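For the record, the sequence lines run as chains D, X, C and A.
With the first sequence counted from 1, adding 659 to any position gets you this note's numbering.
With the second sequence counted from 1, adding 659 to any position gets you this note's numbering.
With the third sequence counted from 1, adding 659 to any position gets you this note's numbering.
With the fourth sequence counted from 1, adding 659 to any position gets you this note's numbering.
Bear in mind the hints are in silico, worked out from the structure with no lab data behind them.
Note that this is a predicted model, so its numbers are computed, not measured.
So, partial list: chain A residues that the calculated Cβ filter (under 7 Å) puts toward chain D:
1. ALA682
2. THR685
3. VAL686
4. SER759
5. ILE762
6. VAL827
7. THR833
8. ASP837
9. HIS875
From chain X, some residues computed to sit far from chain D (all C-beta separations above 12 Å):
10. ALA724
11. GLY748
12. LEU760
13. THR944
14. LEU960
Beta carbons are placed, not taken as given, at the ideal position from N, Cα and C, and that holds for glycine.
Protein chains: 4
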Amino acid sequence: MQRVGGSDRVKYAVLVIGLIAMAAVTVPGIRAPWIQGTLWACLAFFAGEIALKAWQSHRSGQARAYLGSPGFWWDALGVVPVPLALAAGLPPEKAWLLGSLWILKLATAVPGLALLGRIIRLEARPLASVFVIFLIVLLLAGVVEHLAEGPGQPEKFGTLPLALWWAVTTLTTTGYGDAVPETLLGRAIAGLVMISGLGVFGLWTGILATGFANEHRRREFIRTYELVTRVPFLRTLDAAGVIELTRMLRRQDLAERSVVVRRGRAGDCMFFIASGEVEVQVEPTPIRLAAGSFFGEFALLDGSPRTATVVTTRPTTLLALDVTDFHAFTAQHPDLARELAAEAARRRSPVKDDGHSAGGADAAQ
Amino acid sequence: MQRVGGSDRVKYAVLVIGLIAMAAVTVPGIRAPWIQGTLWACLAFFAGEIALKAWQSHRSGQARAYLGSPGFWWDALGVVPVPLALAAGLPPEKAWLLGSLWILKLATAVPGLALLGRIIRLEARPLASVFVIFLIVLLLAGVVEHLAEGPGQPEKFGTLPLALWWAVTTLTTTGYGDAVPETLLGRAIAGLVMISGLGVFGLWTGILATGFANEHRRREFIRTYELVTRVPFLRTLDAAGVIELTRMLRRQDLAERSVVVRRGRAGDCMFFIASGEVEVQVEPTPIRLAAGSFFGEFALLDGSPRTATVVTTRPTTLLALDVTDFHAFTAQHPDLARELAAEAARRRSPVKDDGHSAGGADAAQ
Amino acid sequence: MQRVGGSDRVKYAVLVIGLIAMAAVTVPGIRAPWIQGTLWACLAFFAGEIALKAWQSHRSGQARAYLGSPGFWWDALGVVPVPLALAAGLPPEKAWLLGSLWILKLATAVPGLALLGRIIRLEARPLASVFVIFLIVLLLAGVVEHLAEGPGQPEKFGTLPLALWWAVTTLTTTGYGDAVPETLLGRAIAGLVMISGLGVFGLWTGILATGFANEHRRREFIRTYELVTRVPFLRTLDAAGVIELTRMLRRQDLAERSVVVRRGRAGDCMFFIASGEVEVQVEPTPIRLAAGSFFGEFALLDGSPRTATVVTTRPTTLLALDVTDFHAFTAQHPDLARELAAEAARRRSPVKDDGHSAGGADAAQ
Amino acid sequence: MQRVGGSDRVKYAVLVIGLIAMAAVTVPGIRAPWIQGTLWACLAFFAGEIALKAWQSHRSGQARAYLGSPGFWWDALGVVPVPLALAAGLPPEKAWLLGSLWILKLATAVPGLALLGRIIRLEARPLASVFVIFLIVLLLAGVVEHLAEGPGQPEKFGTLPLALWWAVTTLTTTGYGDAVPETLLGRAIAGLVMISGLGVFGLWTGILATGFANEHRRREFIRTYELVTRVPFLRTLDAAGVIELTRMLRRQDLAERSVVVRRGRAGDCMFFIASGEVEVQVEPTPIRLAAGSFFGEFALLDGSPRTATVVTTRPTTLLALDVTDFHAFTAQHPDLARELAAEAARRRSPVKDDGHSAGGADAAQ
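Work out the full structure, taking the sequences as your base and the hints as a guide.
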């Protein structure tokens, strides 16, 4: 949920300009002085970024902590190497290539990288198995083609390393075409290698797809779990209780202006607002409830009909808790039932007096 | 469920002919006058389409609405640019290339594009992460190969842009073969880049596959949900009630001539017809019920045995509601139970008098 | 579950030999007479196959049915065209190419093709959407590269058809390398096209993977469903009943020598044997029950403890029906409960007299 | 769960060195004597490995068993062929290629290979179907291109084998570019072949992804199943009972220092520790329980409140059994309930006397 702010936009713009200038500086024809000027300006910007962070951490008395953090070293990696390389006498078009380390700044901007890392770590075992299959097919293909094509094309398949180069370009279906088997046996083997390549690739993709699907499910569970832990009167639950409650909640994605509960109807569940907003249509002024709030708990406590109609004001995700699940749950967590009853009593009285007073952060119908 | 009608077929035929003529006009040898004639005819057809739509909207008093709609601008984009380009003095074989915008008309004909757009939007975060990995691998691979191969093949890897061109053709496993590393280090790096390419591609595919599977499940839920909202006496349900009922319904895909219920047997569920048709075998004339109808509700109301055998007349999808689920549901929606009882009473009497009178849009056994 | 029998093996061997000979006949150097002899022999074999089938169908009085069946025309397609082509004066190396139609015989040997066809049909809409995206990217990429690269490489990108040829080899990541963009703009566009190619391919794979997973689940359900319909005393169930029962059954995959039930223990479910075999350890001789049989129903009828230990004799798949599910089910299908009680009574008496007499096709503990 | 030990690391290091030396020996320029020396050293190492294993098995009196095992023949395959080939007069750079068989040693180190083999075996039928589609498209594409391109490029498409070589490089999207169609018809067919290639590949990937996902679910079930079978007082359960219990258990992944149960609260489930460790905070010294232990069973036996707070000491996976599930289960397995009650009584008394005495391998609550 990390947003790209204004200062970040400037940073990424500088990053893109710097990388383009870095590419340009390697082209003999356009090694103009203003390109090097641009590169120095980018370097100065990143150096200034470090100085600013260091000064801010110094002001808050945490300079030592910042200088010891990985973030500092990560930032320094983008600034220090180029001047060092220039000082060591490297030509500018080589030295500035170290500026390619700037792109690593992108990695910190993408929260999903952690997710991908997690998938790869969880599925490390089957991925490693596929890699071993890849290596075995690669070596055996290289040896066979070396024997089959080596005599005919010594400059392409004459040594095992050359044959392995052919094998890797073929097994990944890259197919440069710089080395191509010409004998019948060599081509038959090559056909099998290509098909094996598709198979290996398919396994690879299948593993990553399954890993991603499992991780997706887990993230969904955690999203619900986190909401549960943010509701105040559920804070006393132990881990098993929170997990149990999370399994009971049913997610409901509603469009704008959907009627969630209707005044006077019998109620059979209470709702937590995961995202979006609802309007409790009480007199004289409707109350709006934001994400994190809950409503409809009277129906679970005393079976009374709904006291007000509740309508979504925008696309809203609710978590519904059925009355039977709620009773099964509170039977084993009696203190929770007591707390909820107290909360409901507190809420019911102000609602009767003045609709506005229930409009707090987690007020409810 | 959008059908391609007769006028659409003509339109797509014109589109295909126009695109072929557009391709032909760029070939020096066959720049015959009749090809340009064909192109003008296609342009006239699309212009006529706009005129027809404008006249129709004028007749219904909505000319202003049409001229302001995206559809008008979309259509105009296919007609206006080519004459403008010709008037501006472009040679015909260049000007007619703007006719390639005609293919965008296809996009409006494919309802699934919205689905794909939705998946890409929902999975934007992990897809962006994979893209950042792609960019980081691309840049680092380009820099390393520039250093490794640049001295030996200056015209292929001598500048960073050239090396990046090699990297993108390799990382996507396209492998043109116009630039191929020749040093041992360069080839080892290239092998790693190819394998990374497979990995990035696998993640990409995994994300899209998971997104598609989730969207598929969601569509299935919505299909059931929509049927529920179309049944008349369920219209008074609030959003939570419809979702609850949707979760209770079990989809049954039956072949042609399957016996759904058998006369005289005890009934344990009622059925909604999602698609297909069933025949209620009552005397003297069987009644046919189409999609949207329901039957078998007597069993849920008074536990009476089935009053008629019901057989499918073609492959049919039913949504079954179990008696226990139904009672649990109507206990919390008592007005619904009352409405259903009234409906059943109304239906039961004409069925006893005359089998025909129950054959309305949502008549039932 | 179609097996490849002995005669099929001969047929496929002839097929492989025929196809190799067909490939050889096109090679100028090895157009030896014995290759043509082999081809004629293969043709004779396939002609003989038709004659044999015709004779068999004639003997069973169904000659007319065979000659009108698609199988006959399919077979004839492999035999008739080559002689016709030779008679029409085509050179042998061209005429025999029509023998490639023989490979279509493989299609009938692979039952999974129907499954794949079904998936493609079910997912036709999203697959068509991806194809339209493919076409739009293809055309626009071709037009842009034609403009960018046409002036510099007129023989590679000078006409739109040439540019489209480049686009299709690039978008599918085939990358022959016969046409390669050389300008900066052309290469930037080409990079985007390659990445789009991976995206389109990922969507394609995701759709097919999802379709396959759904079809897999459906097949699993149908496997259980089919077993239920094969159990004699369940034959009176209507379609909804069979589906309901199928949902109640839990599949259990057991290794060889697993103890399924133990004599004297309380029983809580009955079992149907989906595949494999179990041994009911009764005195004096154990009874073996094969796939399709059921056992353990006494526990469901009168709650008596298990009367014998039952052990699997090989890897076995059982379908277990819990006592609560069974009672819920028979409460709504009372005639089924009566039939089962009668069946159990019939079985219990012979078991007490003589263990052997219960060993029939669907005998049980 | 197989670890790579110290001796294994030496073995894999020798393997890598040997394979590099084997590649080097085929390069004419660097055929130095020390490379052959390295190869002989690697061979000696692998021979020594066999001798060591043989001596160890001889000491334990199982020499005959070892010499007859596949492991021996697998090991011998890496040692015997090279000397035999050298003795037969092959030049060293050919003979040492047989050392590529050493890489097969990697296969035994990757337990996931069995998993992949299982998936391929289970999905053999649809994979074979896709392969048949592949073959049919391959042959027909080859024949058509042979006819379309053969006259113009006889040395590339002049025979069917040459055209098939083009077809296999194109259908797998490898695209060497050594043979490229040049006619309009040939290129249109080639475009269709490339798109078919993507489709075939997508099906292939989809099948493997589905197979992997199913196998993943099965492995998860088996992991829980195996834990259940390792808990001592559950050993008397028959197969159906273990499966039933496995389905009842809910997996909970908890972070370090999560509170599992809180002293004095009502308990609603008992826990088995699948992995990780928990600390039972009893006086005077907390008890640590490792994987395989269980706790919290008092709540299931007599409904007493939790007698101690239990906290995880590291990331821990628990299997929770709800009180209702437990009662339903023990109602049908009364001896199990008796055993658990006896076990709990035994545990409760020492806990009261001395917290330490309950710290055995599977002590609990």
